[in-house]
Amino acid sequence: MPIYVTVAYVVFSAVPLGLAVSTYLRRKRVVRELRRLEATSSEGHALGRRGRNT
Amino acid sequence: MAEEESTRRGPRRVDMVLAALSGAAYLGAMWMVFGYAPREATMGDVQRIFYFHVASAWVGFFGFFVTFAAGFAYLLRGARRWDILAGASAEIGLAFITMTLVTGMLWARPVWGVYWTWEPRLTISAVQWLLYVAYAMLRRSVMETERQARFAAVYGIVAFVTVPLSWFAIRWWRTIHPVVISAEGMAMTPRMVHTLVASVGAFTLVYVTLVRQRITLEQVRDDLAALRFAQESGER
Chain A
1 MPIYVTVAYV VFSAVPLGLA VSTYLRRKRV VRELRRLEAT SSEGHALGRR
51 GRNT
Chain B
55 MAEEESTRRG PRRVDMVLAA LSGAAYLGAM WMVFGYAPRE ATMGDVQRIF
105 YFHVASAWVG FFGFFVTFAA GFAYLLRGAR RWDILAGASA EIGLAFITMT
155 LVTGMLWARP VWGVYWTWEP RLTISAVQWL LYVAYAMLRR SVMETERQAR
205 FAAVYGIVAF VTVPLSWFAI RWWRTIHPVV ISAEGMAMTP RMVHTLVASV
255 GAFTLVYVTL VRQRITLEQV RDDLAALRFA QESGER
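For the record, the sequence lines run as chains A and B.
According to my numbering, the stretch in the first sequence is residues 1 to 54, in order.
According to my numbering, the stretch in the second sequence is residues 55 to 290, in order.
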């Protein structure tokens, strides 16, 4: 098989796979940040309630 | 948290099924390229690049068409989901067109003796690629969301003109690029046609999977931006 065909099909395989993996990793990072902010937000609410009770 | 927001955070069943189907279709099409399609008489095995090269070009054009249509929908309705669809489709379309250009060069070298020539189809393709790279840069620019969306919508509509130009270039002007599909039919044997159809089908499935994945990413980013805004407003 000519080298050009091999390289072309490596490109055809790597690009969609690379896109899928990079989008998955980007979403994972955003979700992690979301969870961190939600945890910070719920800690703040709890502290606020304790402050009002004392 | 709304149920819709929570389901965006992990992979949904329909997306997992789509991903599995896309992978299977892709592998099936690749088998057809190397195991089912005949060896072309003039170019030999290097002609096998044709099936995925044409499929990625057509799906890339389709992606730009979706950006064009979603741009119109955004300008008419102003709904964020059309803006998200336009951006996602353009990004995936650009990836497919990049594959088309690179593999076209890999095919051209053994057949034409050069990687590139400034003939009509290739020149328009290069301009198209640059236009959509600029679109991607516009999307990453620091601009207020609604303003960016409107700019991107108009840009996506105007940039789409390169798609019919590219399609018709090989039919209107003298060009070295082959015309495989014409008014007289397809210059291919039945097995070649089956392989091409399978390749286009596989690439379309992959496009849908990737666009859906990209849309979900934007929706989760919107959730994050909304939460940050809510927290900052609460702090003030």
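No lab work stands behind these hints: they were computed from the structure.
Incorrect hints may have been included.
Below, simulated DMTMM-like cross-link-like pairs (lysine to aspartate or glutamate); rule was C-alpha separation at most 25 Å, straight line [said to hold, decoys possible]:
#1 A:K28 x B:E173
#2 A:K28 x B:E286
#3 A:K28 x B:E145
#4 A:K28 x A:E38
#5 A:K28 x B:D69
#6 A:K28 x A:E43
#7 A:K28 x B:D276
#8 A:K28 x B:E272
Over 10 Å on every C-beta distance to chain A, these chain B residues come out as not near it, computed from the model [said to hold, decoys possible]:
#9 A73
#10 Y80
#11 R102
#12 F119
#13 A149
#14 M153
#15 I211
#16 M246
#17 T270
Bear in mind that the values here come from a model prediction, so they are computed numbers and not experimental data.
Beta carbons: idealized from backbone N, C-alpha and C, even for Gly.
Going through the hints against the structure:
For the proposed pair A:K28 and B:E173, the alpha carbon gap of about 44 Å is over 25 Å, so the pair is violated. Distance check on the hinted pair: A:K28 and B:E286 sit about 23 Å apart at the alpha-carbon level, within 25 Å; holds. Distance check on the hinted pair: A:K28 and B:E145 sit about 19 Å apart at the alpha-carbon level, within 25 Å; holds. Pair hint A:K28 plus A:E38 holds up; C-alpha atoms about 15 Å apart against a cutoff of 25 Å.
At roughly 15 Å between alpha-carbon atoms, A:K28 and B:D69 fall within 25 Å of each other, so this suggested pair holds. Between A:K28 and A:E43, the direct Cα distance comes to roughly 23 Å. Compliance with the 25 Å bound is thereby established for this hinted pair. For the hint linking A:K28 to B:D276, the alpha-carbon distance of about 14 Å falls within 25 Å, and the restraint holds. A C-alpha spacing of about 12 Å is found between A:K28 and B:E272, which places the hinted pair at or below 25 Å, so the restraint holds.
In this structure B:A73 is not separated from chain A by more than 10 Å, as the shortest Cβ-Cβ distance comes to only about 7 Å. Some Cβ of chain A comes within 10 Å of the Cβ of B:Y80; the nearest lies about 8 Å off, and the non-interface call is violated. Annotated as non-interface, B:R102 brings its C-beta within 10 Å of a C-beta of chain A; the closest such distance is 6 Å. For B:F119, the requirement that its beta carbon stay farther than 10 Å from each beta carbon of chain A is met, with the minimum near 19 Å.
Distance check on B:A149: its Cβ comes as close as 6 Å (rounded) to a Cβ of chain A, failing to clear the 10 Å threshold; non-interface status is violated. Its closest Cβ contact with chain A, about 5 Å, brings B:M153 to no more than 10 Å, contrary to its assignment away from the interface. Every C-beta of chain A lies more than 10 Å from that of B:I211, the closest at about 24 Å, which supports listing it as non-interface. Every CB of chain A is more than 10 Å from the CB of B:M246 (nearest about 15 Å), matching its label as outside the interface.
A beta-carbon of chain A is positioned within 10 Å of the beta-carbon of B:T270; the least distance is around 7 Å.
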